[in-house]
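Student: In case you want the letters, here they are:
2 protein chains.
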Amino acid sequence: MSNQAQSRGTIAVIGGGVIGRSWTAAFIANGYDVVISDPAEGIAESIREKLPADLHGIPGKSFSDAEIAALIDRVSFEPDIAKAVQGVVAVQENGPERNDFKAELFAKIEPLVGKDTLLLSSSSGITPDIIGAKMTDPHRVVIGHPFNPPHQLPLVEICGTPDADEALIARVMAFYRGLDKAPARLNRPVPGFVANRLQAVLVGEALSLVDSGVVDMKTLDEIMLNSLGPRWASIGPLLALHLGGGDGGLHRVLSQLYNHVVPSMGLDPLPDDSIDRLGKIAEETYPRSEAADYIALRDRRTIGMLESRE
Amino acid sequence: MSNQAQSRGTIAVIGGGVIGRSWTAAFIANGYDVVISDPAEGIAESIREKLPADLHGIPGKSFSDAEIAALIDRVSFEPDIAKAVQGVVAVQENGPERNDFKAELFAKIEPLVGKDTLLLSSSSGITPDIIGAKMTDPHRVVIGHPFNPPHQLPLVEICGTPDADEALIARVMAFYRGLDKAPARLNRPVPGFVANRLQAVLVGEALSLVDSGVVDMKTLDEIMLNSLGPRWASIGPLLALHLGGGDGGLHRVLSQLYNHVVPSMGLDPLPDDSIDRLGKIAEETYPRSEAADYIALRDRRTIGMLESRE
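Top to bottom, those sequences are chains A and B.
Under our numbering, residue 310 is the last one in the first sequence; the count climbs by one each step, no gaps.
Under our numbering, residue 310 is the last one in the second sequence; the count climbs by one each step, no gaps.
Bound conformation, chain A alone (with noise of 0.2 Å):
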């Protein structure tokens, strides 16, 4: 391949979706050769004509047109998953959401992969344990669970086994660090992971609030992206309590505030011992001392999200 002398190794993309495909554009956006897996017909054409599409979505880069096939060309395809992951420095499994598929395939590749070889999983919600049940070192797998789409949003929540490898778990957070995304780490895997479980609550009353006729579907979306949204997206749900309770942080908007209001939404209010662990670590994590300069970000990158709206 004409760009392998600058190529920072190849990588093995299993399963060639939506998912598959965007991971692809942002492996070869940043310096590396990717192989594609996946036995469907047409897969190939299909991708290398949806790929400069999501070139051009990577936010931060600009390719032209040149430099968008010359990345194509970094992209070969190999329906023999055996053959696919020879000499890869890592493989990006985004197969069927099934714990025998994905237990099956990690198994198979474990013997015909190096030692360093980084085995990954997009899955949104299967555990590494479970995925890793056939295998003779099942501590290698981690999760590398991203956003859709990929090449796009930042996060990736990254999550072993309950006894992986920290230096595993380091050189997996490195990995996608020189992506230029935002590894998030969990400490120990749960259902749905982390983004997709604060998903699913939000989603959930939102869906309630509609369909009980309380608020049109247009103007629930509406109040979110003149609200929440911006506030979250500059920084953070827990951080922007903390501000908010002034002087009192988190503490005194859980206690004063929050265990206020929940009840009459029918939702449990916190008992006081976990406010007072909840308000201690919003401390720690957020110092008083920095708070001035937490502040100043929120309402830097709220008033430019405003302000570019068109």
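Treat the hints with caution; some may be incorrect.
For chains that are exact copies, the list does not tell them apart, and a pair is met inside one copy or across any two.
[Said to hold, decoys possible] For lysine to any residue, the following SDA-like pairs were computed, each having C-alpha atoms within a straight-line distance of at most 25 Å: (1) K50 / R252; (2) K280 / S212; (3) K218 / P191; (4) K61 / S308; (5) K218 / N148; (6) K218 / P149; (7) K61 / G304; (8) K218 / A167; (9) K218 / G125; (10) K83 / G57; (11) K61 / S76; (12) K61 / L306; (13) K61 / R301; (14) K280 / A107; (15) K218 / L168; (16) K61 / I303; (17) K134 / D163.
No lab work stands behind these hints: they were computed from the structure.
Got chain A sorted already, so can you dock chain B onto it with the hints?
Tutor: Showing chain B alone in chain A's frame:
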């Protein structure tokens, strides 16, 4: 007052705390005079000192020092509520969140103002029937609930009593639109309205994940601002899901994804008839023929947001 000639009228702001001051900034920046009624000692000096920062923080506006001084000249102070509301075009109440306080206040104000004066409450949770309970015409009071801080974030949740006059609601919507706000109408009042209900469920899950050690607090905030935050700030949570479902739209996402994930989190799946209703609402609200435009909007805003971060 020197600006009286160009004034759009005077608004009485009842309560000069953080919300009242922020509303004052939004009002004077958009051509109104404001009279603030608050019995607190030193309120005038405190507000005059802090208003410049609020005025500089209004998205899309830019004021010189001389303009700031002229705007602050539009603000006067009158602790006697009966005098403060004389001749005003609107009252924006920001008092304590207590049923009796608000009910007494609006009953006192009602006979002192003209029949076209808008009677608005910033209440974040008390429904308008309770606030209007002691008025001769309890349907005159309308919730205008801002998202903090009101001078910065566009949202104002609008909610009248179940028997409120449609023409009154329309006038309130027009009033807030005239302040460059994004009023969002609720069809009927529910405790916490919409934004705070959405916030409460997401924050509850976020706190649980942090308190149980699944994820660090800072990582949780980073997960939000690198995934759901930008997505929801670009087009809102329900349109985002509807587009994510491709040709199957929201119906497909709910039946094939949402309902397969939420049971593992201990949440109830949606019944089939709700999925059918919500899928239909999504198709009517966001027609398939406009999907390409929505996707382009989502991607443009998301990429703009991510690229604008330092």
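Student: Hint by hint, where does the structure go against what was stated? Just the numbers, ascending.
Tutor: Checked against the structure, the hints that fail are numbers 10, 14, while the rest are satisfied.
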